[in-house]
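Going down the list, the sequences are from chains A and B. Be aware that the first sequence starts at 659, since it is given in our numbering, and climbs by one per residue. Be aware that the second sequence starts at 659, since it is given in our numbering, and climbs by one per residue.
By construction, these hints were calculated from the structure, which means they are not laboratory data. Incorrect hints may appear among the rest.
Note that the list lumps identical chains together, so a pair holds whenever it fits in one copy or between two copies.
Claimed, not checked - Here are the simulated DSBU-like pairs of lysine-lysine, each with C-alpha atoms no more than 30 Å apart in a straight line:
| # | residue 1 | residue 2 |
| --- | --- | --- |
| 1 | LYS685 | LYS915 |
| 2 | LYS938 | LYS915 |
| 3 | LYS812 | LYS938 |
| 4 | LYS1065 | LYS1076 |
Remember, predicted model here, so these are calculated numbers, not experimental data.
Number of protein chains: 2
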Amino acid sequence: MSKKSIGIGLMGLGVIGGQVASVLSAKAEALAEQAGCPLVLRKVKVLPQDLARPWAQKMARGLFTTDIEEFFAEPEIDIVVEAIGGVSPALEYLTRALASGRHAVTSNKELIAKHGAELMKLAGRQGVGLRYEASVGGGIPLISRFQYDLVANKIGGIYAIINGTTNYILTRMEREGVDFSSALARAQELGYAEPNPENDVEGIDSTYKLAILASLAFHTEVSPDDIYREGISKLTSRDFQYAQELGFAIKLLAIAKDNDREIEVRVHPVFLPEDSLLAKVDGVYNAVLVEGDLVDKVLFFGQGAGPLPTSSAVVADIVASAREIRLGVVAGSGWRLGPARVIKPMSDVITRYYLRLNIADRPGVLAQIARVLGEHQISISSAIQELADPVAETAEIVVITHSAQEKNMQSALSELGKLTVVKEIGNFIRVEA
Amino acid sequence: MSKKSIGIGLMGLGVIGGQVASVLSAKAEALAEQAGCPLVLRKVKVLPQDLARPWAQKMARGLFTTDIEEFFAEPEIDIVVEAIGGVSPALEYLTRALASGRHAVTSNKELIAKHGAELMKLAGRQGVGLRYEASVGGGIPLISRFQYDLVANKIGGIYAIINGTTNYILTRMEREGVDFSSALARAQELGYAEPNPENDVEGIDSTYKLAILASLAFHTEVSPDDIYREGISKLTSRDFQYAQELGFAIKLLAIAKDNDREIEVRVHPVFLPEDSLLAKVDGVYNAVLVEGDLVDKVLFFGQGAGPLPTSSAVVADIVASAREIRLGVVAGSGWRLGPARVIKPMSDVITRYYLRLNIADRPGVLAQIARVLGEHQISISSAIQELADPVAETAEIVVITHSAQEKNMQSALSELGKLTVVKEIGNFIRVEA
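Please model the entire structure based on the sequences and the hints provided.
Here's what the structure looks like:
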């Protein structure tokens, strides 16, 4: 197909959609050279309130429609860009775009994590492309790595900091010694966290992204519901003090492993050795470490969110789609889903643990704790006891264990909680090497 | 074109060629699924001595030929993989492969750096692909980033640790306080450095790789000869002591910048702030930091050499070529070279500097040094004086400057060398932020 131009239909004119429109306009010449022909924005599906946005002021009013029927009636749209977010109505609109034979590009992690498999199948049947590079890691090139660069590898593990909001909060807690709520408040002031921060701080956003990465890496459909999840809201400044003392950073890590028999997928805070690369990823930055049998470790780092980095990935996907349209071929989504895999139950997961206990300040307490842990096949790697409160006659004890099974640790915790010398289980956090 | 299989011709059966052959065989089924049809090794051009290599013992003898005519006479070769290295005869063979209408894959950085533009043109005329992902950064996905993921970006800078041998040597010097020659000897023992290490330690290898990255990033032909180059052999354990004291790591950095008017390309040791990500890249690992106007900073990290990571990139290129052959299209090399660009002369480059001088241990020396620097528009950020030798009545002074122009620093150095109080200019190293 030799086309004079490729038409773009944009759904959504929020910060991402607005930035994509701005890049398409400001870089029209360079993008035309990359794509092989001009990329022309033909129609923008907006909400009435979008028309007041500053970037909308710079665009031709004739591009806008609030009517989805009018949007799809535009005959010159070859590529539909979905920048609405969430599942509804994005799923309906994207399905309709693919069903009408248009290529599609989206940055919608929730949509791809929950409905990626069905959308890919539809795209395949329709002979069009569906691209979603921006759905994980913003501008960091990630998705295509699994589809192209790493295809010769058996992927054994993914270790990812893929939520900038939580990483920003954890960085402030570490550097400034503040507690979770004040770090969160600061993140909200700066616009890094939503007024309702649950999606980020409870790790939900990370499970969407991990589901996408794990599905790609392991060639099986991994749903967000398959992923064990803990957020960062229970972390205290005390945990950060001990982490620093012991040579660790605390990060919210998304972990996926494949041991051939089963796959392991989980999102929770971890202690990471402070000299590891992931421990150095601070602020709103993201990083994804991938282990493959040939490449060993590769790591991708960058800004995981924000309109500019996200537009970089969305526009790259538009250019790739345009090249396919021009060449008249579709390389396929690369979402090669094989049979369902067994997900390892969290109770079977093996890690080391950090354990912080408030205890009665009297002799022999560590011995009692060690006995309970030992009875559950958990051995102690190191222990420190400090911060005694002479008035309350309490102290704090921190234990780092050797590798142990989660179910043994949970049983031990339950039993520790019953000891009269244990006032409170302050926290327990998994330790990754 | 609907093919039952894609034929591979492999030139060279050294460690890289041997590993590629091994992956094609061991992962035949998974690769066939990725490529859309089986990838079959049809012929291997070997040297007589290759036949004794352990991996050659496992391969069918009928695959081997020492005769390049016999290699090219094999009709079932669709993709030629060049794993010979160096320019001659690799250039001749690769040219012949492309001229005969075969797609080509190479890991040969010297060849691509010196002859990439002409080879890409030939591939374009022949309507075949020429891929070279493994030429820079081993298994780290890099080359395709500029051709796909970052296409919407104006690339402003590249900061790269792209030679594992020198990074290994520098890491040992930093950690163990040993001098260059003993760290080199250890690298040679371990096989990380060649018996003749010049290509690595003098930065030549890094200039090949930087030439490729800069050509891709800036859309102009950058030759290795355009690149200012200094190696690591003049670094001493003294420099590492001061670096640590001042909060810096020392790395051999390949730097490319584009300020729109001119481009700046250089390879030399630098002081990097110890809390920067690149400063944390230790041992044989490589990392490439790319700055784009949309993505801000992205960093790619991994093993930059070695047969396994290199085979990951070579086989990914083979799969990508096979997909193109199957689809009957060629996306093009992405090596879009625009007009020649002005290369900034090294004398115009502006950086901060670390300066180590052996001086006479008497009052007023720092004042004299500061005067000379000041006369050349160089101001001092910090200075330390120590290690006085009471017998020889000498001391050492170390200065970190503010930003200054290279030509001013060179004039100042020349004048400092003439001061009677300056016994020797110990070293001077550029400081990057």
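Now for the hints, and whether the structure bears them out:
no. : hint                : in the structure
1   : LYS685 <-> LYS915   : between (40 Å within a copy, 20 Å between copies)
2   : LYS938 <-> LYS915   : both (22 Å within a copy, 25 Å between copies)
3   : LYS812 <-> LYS938   : both (27 Å within a copy, 27 Å between copies)
4   : LYS1065 <-> LYS1076 : within (17 Å within a copy, 74 Å between copies)
In terms of the numbered hints stated before, the structure departs from none.
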